[in-house]
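S.K.: Here's the letter readout for the chains.
4 protein chains.
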Amino acid sequence: MKTHLAGSDAASIRFRGRDLVEELIGKHGFTEVFYLLAVGRMPEPGQTRVLDACLVTLMDHGWTPTSMIARLAYDSAPSQVQVGIAAGLLAVGDVFAGTMDGCARLLAEGIAKEDKAAWCQEVVQAHRAAKKPMPGFGHPFHKPDDPRPPRLFRVAQEAGMKGDYIALLQQLGRTVDAVYGRHLTINATGALAALLLEIGMPLAIMRGVSVVSRSAGLTAHIAEEQQNPTARHIWKLVEEEIPYEDPPA
Amino acid sequence: MKTHLAGSDAASIRFRGRDLVEELIGKHGFTEVFYLLAVGRMPEPGQTRVLDACLVTLMDHGWTPTSMIARLAYDSAPSQVQVGIAAGLLAVGDVFAGTMDGCARLLAEGIAKEDKAAWCQEVVQAHRAAKKPMPGFGHPFHKPDDPRPPRLFRVAQEAGMKGDYIALLQQLGRTVDAVYGRHLTINATGALAALLLEIGMPLAIMRGVSVVSRSAGLTAHIAEEQQNPTARHIWKLVEEEIPYEDPPA
Amino acid sequence: MKTHLAGSDAASIRFRGRDLVEELIGKHGFTEVFYLLAVGRMPEPGQTRVLDACLVTLMDHGWTPTSMIARLAYDSAPSQVQVGIAAGLLAVGDVFAGTMDGCARLLAEGIAKEDKAAWCQEVVQAHRAAKKPMPGFGHPFHKPDDPRPPRLFRVAQEAGMKGDYIALLQQLGRTVDAVYGRHLTINATGALAALLLEIGMPLAIMRGVSVVSRSAGLTAHIAEEQQNPTARHIWKLVEEEIPYEDPPA
Amino acid sequence: MKTHLAGSDAASIRFRGRDLVEELIGKHGFTEVFYLLAVGRMPEPGQTRVLDACLVTLMDHGWTPTSMIARLAYDSAPSQVQVGIAAGLLAVGDVFAGTMDGCARLLAEGIAKEDKAAWCQEVVQAHRAAKKPMPGFGHPFHKPDDPRPPRLFRVAQEAGMKGDYIALLQQLGRTVDAVYGRHLTINATGALAALLLEIGMPLAIMRGVSVVSRSAGLTAHIAEEQQNPTARHIWKLVEEEIPYEDPPA
Numbered sequence: 029m030k031t032h033l034a035g036s037d038a039a040s041i042r043f044r045g046r047d048l049v050e051e052l053i054g055k056h057g058f059t060e061v062f063y064l065l066a067v068g069r070m071p072e073p074g075q076t077r078v079l080d081a082c083l084v085t086l087m088d089h090g091w092t093p094t095s096m097i098a099r100l101a102y103d104s105a106p107s108q109v110q111v112g113i114a115a116g117l118l119a120v121g122d123v124f125a126g127t128m129d130g131c132a133r134l135l136a137e138g139i140a141k142e143d144k145a146a147w148c149q150e151v152v153q154a155h156r157a158a159k160k161p162m163p164g165f166g167h168p169f170h171k172p173d174d175p176r177p178p179r180l181f182r183v184a185q186e187a188g189m190k191g192d193y194i195a196l197l198q199q200l201g202r203t204v205d206a207v208y209g210r211h212l213t214i215n216a217t218g219a220l221a222a223l224l225l226e227i228g229m230p231l232a233i234m235r236g237v238s239v240v241s242r243s244a245g246l247t248a249h250i251a252e253e254q255q256n257p258t259a260r261h262i263w264k265l266v267e268e269e270i271p272y273e274d275p276p277a
Numbered sequence: 029m030k031t032h033l034a035g036s037d038a039a040s041i042r043f044r045g046r047d048l049v050e051e052l053i054g055k056h057g058f059t060e061v062f063y064l065l066a067v068g069r070m071p072e073p074g075q076t077r078v079l080d081a082c083l084v085t086l087m088d089h090g091w092t093p094t095s096m097i098a099r100l101a102y103d104s105a106p107s108q109v110q111v112g113i114a115a116g117l118l119a120v121g122d123v124f125a126g127t128m129d130g131c132a133r134l135l136a137e138g139i140a141k142e143d144k145a146a147w148c149q150e151v152v153q154a155h156r157a158a159k160k161p162m163p164g165f166g167h168p169f170h171k172p173d174d175p176r177p178p179r180l181f182r183v184a185q186e187a188g189m190k191g192d193y194i195a196l197l198q199q200l201g202r203t204v205d206a207v208y209g210r211h212l213t214i215n216a217t218g219a220l221a222a223l224l225l226e227i228g229m230p231l232a233i234m235r236g237v238s239v240v241s242r243s244a245g246l247t248a249h250i251a252e253e254q255q256n257p258t259a260r261h262i263w264k265l266v267e268e269e270i271p272y273e274d275p276p277a
Numbered sequence: 029m030k031t032h033l034a035g036s037d038a039a040s041i042r043f044r045g046r047d048l049v050e051e052l053i054g055k056h057g058f059t060e061v062f063y064l065l066a067v068g069r070m071p072e073p074g075q076t077r078v079l080d081a082c083l084v085t086l087m088d089h090g091w092t093p094t095s096m097i098a099r100l101a102y103d104s105a106p107s108q109v110q111v112g113i114a115a116g117l118l119a120v121g122d123v124f125a126g127t128m129d130g131c132a133r134l135l136a137e138g139i140a141k142e143d144k145a146a147w148c149q150e151v152v153q154a155h156r157a158a159k160k161p162m163p164g165f166g167h168p169f170h171k172p173d174d175p176r177p178p179r180l181f182r183v184a185q186e187a188g189m190k191g192d193y194i195a196l197l198q199q200l201g202r203t204v205d206a207v208y209g210r211h212l213t214i215n216a217t218g219a220l221a222a223l224l225l226e227i228g229m230p231l232a233i234m235r236g237v238s239v240v241s242r243s244a245g246l247t248a249h250i251a252e253e254q255q256n257p258t259a260r261h262i263w264k265l266v267e268e269e270i271p272y273e274d275p276p277a
Numbered sequence: 029m030k031t032h033l034a035g036s037d038a039a040s041i042r043f044r045g046r047d048l049v050e051e052l053i054g055k056h057g058f059t060e061v062f063y064l065l066a067v068g069r070m071p072e073p074g075q076t077r078v079l080d081a082c083l084v085t086l087m088d089h090g091w092t093p094t095s096m097i098a099r100l101a102y103d104s105a106p107s108q109v110q111v112g113i114a115a116g117l118l119a120v121g122d123v124f125a126g127t128m129d130g131c132a133r134l135l136a137e138g139i140a141k142e143d144k145a146a147w148c149q150e151v152v153q154a155h156r157a158a159k160k161p162m163p164g165f166g167h168p169f170h171k172p173d174d175p176r177p178p179r180l181f182r183v184a185q186e187a188g189m190k191g192d193y194i195a196l197l198q199q200l201g202r203t204v205d206a207v208y209g210r211h212l213t214i215n216a217t218g219a220l221a222a223l224l225l226e227i228g229m230p231l232a233i234m235r236g237v238s239v240v241s242r243s244a245g246l247t248a249h250i251a252e253e254q255q256n257p258t259a260r261h262i263w264k265l266v267e268e269e270i271p272y273e274d275p276p277a
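Chains as they are written, first to last, in the working numbering: chain A, 29 to 277; chain B, 29 to 277; chain C, 29 to 277; chain D, 29 to 277.
Accuracy of the hints is not assured; some may be wrong.
It does not matter which identical chain is meant; a pair holds if it fits inside one copy or across any two.
[Stated by the list, open to error] List time: in silico SDA-like cross-link candidates among lysine to any residue, alpha-carbon distance up to 20 Å:
1. 30 - 268
2. 144 - 199
3. 55 - 175
4. 30 - 251
5. 264 - 167
6. 144 - 207
7. 55 - 74
8. 159 - 211
9. 190 - 139
10. 30 - 256
11. 55 - 77
12. 55 - 73
13. 55 - 72
14. 171 - 211
None of these hints come from the bench; they were simulated from the model.
One chain only, chain A, in its complex shape (with noise of 0.2 Å):
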């Protein structure tokens, strides 16, 4: 049993069969490093600038259970910054921000389909009649469209992506429109869900890619308190207006 991805000797550092100091410190940057480490293998220039696109986007969304977490747990140990930044990450999961694994299992499953139509009108049709929401589509807030996608879309494109799985995502939401009979968005879980399939992400991991970004924005959320707390204020509001009661007799 052997482990890939780092170890060392007195006098040098290898991460995946590369010296740190002499060749990666200085010369890669940390989403270079990063894919280096997670996939095996150094990123193409162009799948670089890919996942970068992704991780800024997911990096913050202001007030979400990360950040509410994440400021909370560190007014009570704030001499570690730590506990606050992985107590919020544990909020990165099944129904927020960790959400990237439902619309990359959809495009991983579509791809190798001969019939791209046919498989979009089959998978549409059955969440559809399963009362199921669509991964990767509609938002509560952004209306009519999300606007990241387009966005990330072109960045793929001028970054020289394949584009395979954006084409089959976007032809799932013209399916999605028809079958609907209104609009739904692309939203940014979707169009993250099929750049970082088209960098060659595992599925099984892309909801570290999530926790990567999330674990930079909420070490800006406890700066950010550091400087103008917030926690003290968000326990009083919440004592306020959920009060205690007995409970009914």
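Assemble chains B, C and D onto chain A, guided by the hints.
M.R.: Only chains B, C and D this time, still in chain A's reference frame:
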């Protein structure tokens, strides 16, 4: 009470006063936007290069508490990649990986002193007298010298950093050698503290840089664990090596 | 919107409509008040006895992912005992320790059936056909029989439980043996699921019982780690046993 | 290297030298076995009663960082009850809920002094001069007196505790009132520190008692959240109350 980090309306999303879609995605990389969110201004290109070097350096160290925990926790909740990563990040603490603060606090104090030589003497003597390790110095393994600091200093110099914190750390290093009567290497922790101070990263969230970087490494550990599981083997090893025995009567 | 769990004013603190100081402290034990808070009513003495038996059973299993993680995380943040415990609890998941839900879900379904024999046949046949393990049955280690279920059933009987869930689990057990053509033990997970249903613990928070119980065990692991540290030794073991190697070209 | 906590073979499971099935399940309650595992010996009945009183006191405090975090994290990962609880427990830190250590450390120091009156004077004067709060004294809300300590002291007395730590805390309280020239209540944290010292709970894992107790309260919060969700409402409240605004130029 306001937040200045991120907000959105139906048509746009803003990060620190900039439009995410128009101004950031595809135009600035992860490292730049992390700095923008955490520090509050877009970094100079040289600052980005230095932050990238720091993030790359910290990304992984092979087998550490962080990576063992992440793999064990992943194996227990394989549908929840974020749980494995967050569990591992909880070990970026006062002992490993989260230890730049100590050296950074020293350097931030010393930089304000007129007579740096006197301050260095005083600090090193005080640590020696109290038998406390000098933060940022020594390495159990990389002897006589940690290979990372010289490379990190060169990156900072090439990136046009002013270099005051680095010079102070080096002066502290010469004093350490003189006072202890033997050579103690500046370690990666010390060098990273100096570099992060050079780029204006606030001391109070410096540990967040370790967390962000290590979250990328832990994603890679989970990717490798998915391919070549080690968690059950580690468990068996520990059970065999540290068996249960009834307590002595 | 209200909460009915706990609230206070200057002179008193209330838990679920009772005065903490006058009615609970010194008058009811931990197990009773846990039930009161989680289920919403004070337990009958027999229910307390059964819940105590469940909590004792789950408290520890020696070396497991939970205990290894807790000790490693504690060693990294020794000033923060809660971090070690919480990190370990993250591994009370779908794979180990948090697995009563599956069997409990089956039993909650079967209890409503008129013809229990037919339902048992159907369920066991379906699991067998799908090659899915029967939740609550089998043990890698305790063969032919897990010693805990008979004891747990006896406690429940002596405590005056009605016994319908236990009887159903036992009937399922006989069906398992007949359908598989060999004896598969009812395991502790299965028995605990039945007992917790007997006392009216809601399925949706059953895993919380594991968490509470295991938090006590992990406190003990950290106490032992403080006396006889193992974390560094585990680390060394893993490093030696699973060395780094450059990836194959 | 050995562990003395728990181990098993095919036919039996042992906790600290006792057979789980034959000697513990159904014969000893959760509180007793928690003490057995953590402290290493079976408690006296009076010690169990005192530990129960401590565990009940700490179980919940309504809206606190722990409960807000647990509910928000649960809402983000509803299939993983342990994630909500563990996230909440991370806030049992140096600021709330995990704060008995400070007072316990004082009492453990004072108990060894010959002249307790002189020691009390010295300690209280030193805290006052340094403008540091006296650990275990004062309450923002329960004025003039926290109702829990008198009840806890009575439980300890009735349970036959020796009472030296309690007497010392009370003597410290009289000194506090004299030195500060006004009445500061002994708070629950102080009283719990004294009681846990009375029963021989090691200072180094005292915070574990809070964690165990609070894990029960958080299970109840998640149960209530499942019935009457608050997380989305809290989110909306915070968004409305602390809106995003572009940073000042």
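S.K.: Hint by hint, say whether it matches the structure.
M.R.: Status of the hints after comparison with the structure:
no., hint, verdict
1, 30 - 268, "between (55 Å within a copy, 10 Å between copies)"
2, 144 - 199, "within (8 Å within a copy, 49 Å between copies)"
3, 55 - 175, "between (34 Å within a copy, 16 Å between copies)"
4, 30 - 251, "between (39 Å within a copy, 14 Å between copies)"
5, 264 - 167, "between (31 Å within a copy, 16 Å between copies)"
6, 144 - 207, "within (15 Å within a copy, 43 Å between copies)"
7, 55 - 74, "both (17 Å within a copy, 13 Å between copies)"
8, 159 - 211, "within (17 Å within a copy, 42 Å between copies)"
9, 190 - 139, "within (13 Å within a copy, 52 Å between copies)"
10, 30 - 256, "between (47 Å within a copy, 9 Å between copies)"
11, 55 - 77, "both (16 Å within a copy, 9 Å between copies)"
12, 55 - 73, "both (13 Å within a copy, 14 Å between copies)"
13, 55 - 72, "both (14 Å within a copy, 17 Å between copies)"
14, 171 - 211, "within (10 Å within a copy, 59 Å between copies)"
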